[in-house]
Amino acid sequence: MKDKERLQQVVNSILDSYHQHPDMVRVGKTTLPTREDIVNLVKDIQMLIFPGFIRQEPLGSLDLPYIIGQKTVSIFKRLQSYMEQVLCWEIAQDGANCYDNPSFAKRVEGIAIEFLELIPDLRDVLARDIDAIYDGDPAARSKQEIVLGYPGIRALSVHRISHFFYERKIPLLPRIMSEHIHSQTGIDINPGAEIGEGMMIDHGTGVVIGETAVIGKHVRVYQGVTIGALSPTRNANAFKAKRHPTIQDNVVIYAGATILGGDTVVGANSIIGGNVWLTHSVPPNSRVLWEPKTNKQSVCDEEMMLCPDVV
Amino acid sequence: MKDKERLQQVVNSILDSYHQHPDMVRVGKTTLPTREDIVNLVKDIQMLIFPGFIRQEPLGSLDLPYIIGQKTVSIFKRLQSYMEQVLCWEIAQDGANCYDNPSFAKRVEGIAIEFLELIPDLRDVLARDIDAIYDGDPAARSKQEIVLGYPGIRALSVHRISHFFYERKIPLLPRIMSEHIHSQTGIDINPGAEIGEGMMIDHGTGVVIGETAVIGKHVRVYQGVTIGALSPTRNANAFKAKRHPTIQDNVVIYAGATILGGDTVVGANSIIGGNVWLTHSVPPNSRVLWEPKTNKQSVCDEEMMLCPDVV
Amino acid sequence: MKDKERLQQVVNSILDSYHQHPDMVRVGKTTLPTREDIVNLVKDIQMLIFPGFIRQEPLGSLDLPYIIGQKTVSIFKRLQSYMEQVLCWEIAQDGANCYDNPSFAKRVEGIAIEFLELIPDLRDVLARDIDAIYDGDPAARSKQEIVLGYPGIRALSVHRISHFFYERKIPLLPRIMSEHIHSQTGIDINPGAEIGEGMMIDHGTGVVIGETAVIGKHVRVYQGVTIGALSPTRNANAFKAKRHPTIQDNVVIYAGATILGGDTVVGANSIIGGNVWLTHSVPPNSRVLWEPKTNKQSVCDEEMMLCPDVV
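So the sequence lines, in the order shown, correspond to chains G, A and P. Just so you know, we're using the working numbering here: the first sequence kicks off at 1136 and counts up by one. Just so you know, we're using the working numbering here: the second sequence kicks off at 1136 and counts up by one. Just so you know, we're using the working numbering here: the third sequence kicks off at 1136 and counts up by one.
Calculated directly from the structure, the hints in this document are not laboratory data. A portion of the hints provided could be inaccurate.
Identical chains blur together in the list; that is why a pair holds if it fits in one copy or across any two.
Cross-link-like lysine to aspartate or glutamate pairs, in silico, DMTMM-like; alpha carbons within 20 Å at most [to be verified]:
(1) Lys-1352 x Asp-1198
(2) Lys-1241 x Glu-1140
(3) Lys-1212 x Glu-1249
(4) Lys-1278 x Asp-1158
(5) Lys-1304 x Asp-1229
(6) Lys-1352 x Glu-1329
(7) Lys-1352 x Asp-1270
(8) Lys-1352 x Asp-1229
(9) Lys-1304 x Glu-1329
(10) Lys-1278 x Glu-1332
(11) Lys-1212 x Asp-1172
On a predicted model such as this, the values are computed, not experimentally measured, just so you know.
One chain only, chain G, in its complex shape (with noise of 0.2 Å):
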């Protein structure tokens, strides 16, 4: 009987608390798509993509324009209904109504409908994205291993997704999109990176790209690489300056290395050698490589440079 009470004490008191961090309580609110929710819509997304390799059943010729169709219309629906529940969250932050605006749901539908117009061209990057890793790791005995198993595939396939809807300014589904893929890869890109074809991310635990990386094509990065800012504070020009690095085309950045800052840019064709760390900008072609001077005593006397023809 004593316990009964004190249980319901506890329950008032946690409704009390409700009152406190109105941040962190959504009740009685226009819906979120949960993190549950967007996850299998991605999951979706991809089996467009790569159709046969990501849920269980088998695909004949005979079916497929039927589950390919149903699946897109599924999409399209859920993609508006998230779009719209994201955005009326948004506006009603500033007081607003997002259904006064007349053209509101015909301008999510149109967002919706120009995401699955570009899953072709998606598939035509993802192939380059493929063919980059299959090139880059003697480890990988066929392509469709590489859409199976490899993480920095299944990274890049979201990030391309998410970045498609950061681009039209969506909130939230992009970045809850990214986190997921973060959890399941260790591989944690912002929405907002602009990375060209081909890209190969090996091995991938601990990359970090930040937000406004701009990253050309061919570039390949190994695992622990940071792409990141320098020293990050909110103000109110942080939203619109560019606070991380740019990358050129066909740049190799080997494990561990940390580069940052939104003036810092990569030229073409450069290598940055594990565990390096840059802030600053560097030409086409360079090579940067960490060398230091280590104690006589130690095994590791000259040896442990990272001479010029090892990386």
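Let chain G serve as the given structure and place chains A and P on it in line with the hints.
Just chains A and P, lined up with the frame of chain G:
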């Protein structure tokens, strides 16, 4: 036929092998909660902390008291049951029986209630953690986005739960909670670590914070940071010793820095630069930066150093 | 109406796009096991290895023989079926038909049985791995906690399974197994790596161990360690070459160290310090430590070096 017999032999030899390595078999013993049980419990607790953000069902203000009441009771019961299981398991290792102690069930019940009474305070502390990310990451567009997506908040919310049970010497439970969120986020915080409010963990992949670490308020930590022990070895005193550093208030630790040792204290308001390796104390307001001398032939000459005004 | 037509066009153009990039479509072809199939299989194998730890159902000594028998048969059948699928898929790439070979099914069955016969040995090796963590991590309270929660053991148990199939040249299967556990733990061990008993991987996030690495007994590895290749490029000989290091018995490799190259041998009983970069062999009993000269103005002066008695 031959196959059938061979398979029968396989089964027998597997069954025989269970007589070896008793720590790798749990048959006919008191049940332990599985990883899955504990993960579901943690999700329900998070639902109580962030109502409307975790589970899919929309919450109305009418049904809120009933949903929260029902959820609280369910968590209460499961908490009791799982704590009893792990405590009985622990006590059984010494050949004793947990129910021989007449106050055993009462004590477990008390801890369960005490935890639930703490939920409003947990919400307060996590509100500070969310503020810290909002202030520190210009890419965060809203606090709700942080609740929905940011791995740093997911990891800290689980840590603050698991730490409660760690402090009450509940075995297994806290560690499985923290390994679960480690698996989801790449952030590995031992349940024993003491962490002040307003902590920000950004990106987070590869962060390791050890069991006896003590971390002040408003500390900021980036991906790949280790707050760890010097060459750990198990011995009689290892349990009691402080093996991990103390980080005082308002310290910022940039990506890839490694801080080791139980006697190491990083004074308040210090900045630890990226990739720094630190195994001794530094006074308040220190700036510890990495400035390797580099090979003059290489592009990185003086540029590669971490200049005083960059971190 | 216009929308309906536009959507129909979208579906058609998606279907058309499937004629491009045949490696990104699997329609009307022999089925391949999905990631989900393989993940479930791996979980069931782990259940056989660690009975009572993985799945939710409690195991009684009465029903144990039946549960294990049923599970073994189910694994046996699925193993055969998945191996047939991936082998037929591989053989089909050369235009051949796997069933033209009269001994094909027999060979696959033989491998499945051989694997199951190995389970008791696998348990022995994993018992050594568990011992290694128990001895090396003072935060581990019991061996059962290690089985239930430690990512290092989860990764090694999957690796020892996937390595078996790698050695028998089964395509796809081993790589998908290891990518799954990479996704769960942040530990990326290529199925090809040869790893001796009693290995300890602590924390583990960001660990990368390459395909042709050879690792002795009782090796200890911390988070962020790479045992990798020097600038890999795909060529005719890349498959056959040893591209990754050899680590001999009783070596300890601290967090963030990078060891590269197929000719690199780390001699027995050596210690490789945190963040070390090593691309050449060192003799047995070596200590390779990092001791950068640093800017005298900074606090880190002589303190930042890694002293001989600290790691």
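A quick look at each hint next to the structure:
1. Lys-1352 x Asp-1198: Neither: 37 Å inside a copy, 53 Å across copies.
2. Lys-1241 x Glu-1140: So Lys-1241 and Glu-1140 pass the 20 Å test across copies only (16 Å; inside, 53 Å).
3. Lys-1212 x Glu-1249: within (13 Å within a copy, 46 Å between copies)
4. Lys-1278 x Asp-1158: Between copies, since 6 Å is at most 20 Å while 45 Å is not.
5. Lys-1304 x Asp-1229: So Lys-1304 and Asp-1229 pass the 20 Å test inside one copy only (16 Å; across, 47 Å).
6. Lys-1352 x Glu-1329: Intra 10 Å, inter 36 Å, cutoff 20 Å: intra-copy only.
7. Lys-1352 x Asp-1270: within (15 Å within a copy, 34 Å between copies)
8. Lys-1352 x Asp-1229: neither (40 Å within a copy, 32 Å between copies)
9. Lys-1304 x Glu-1329: Within one copy only: 15 Å inside, 39 Å across.
10. Lys-1278 x Glu-1332: within (16 Å within a copy, 33 Å between copies)
11. Lys-1212 x Asp-1172: Within one copy only: 13 Å inside a chain, 29 Å across chains, cut-off 20 Å.
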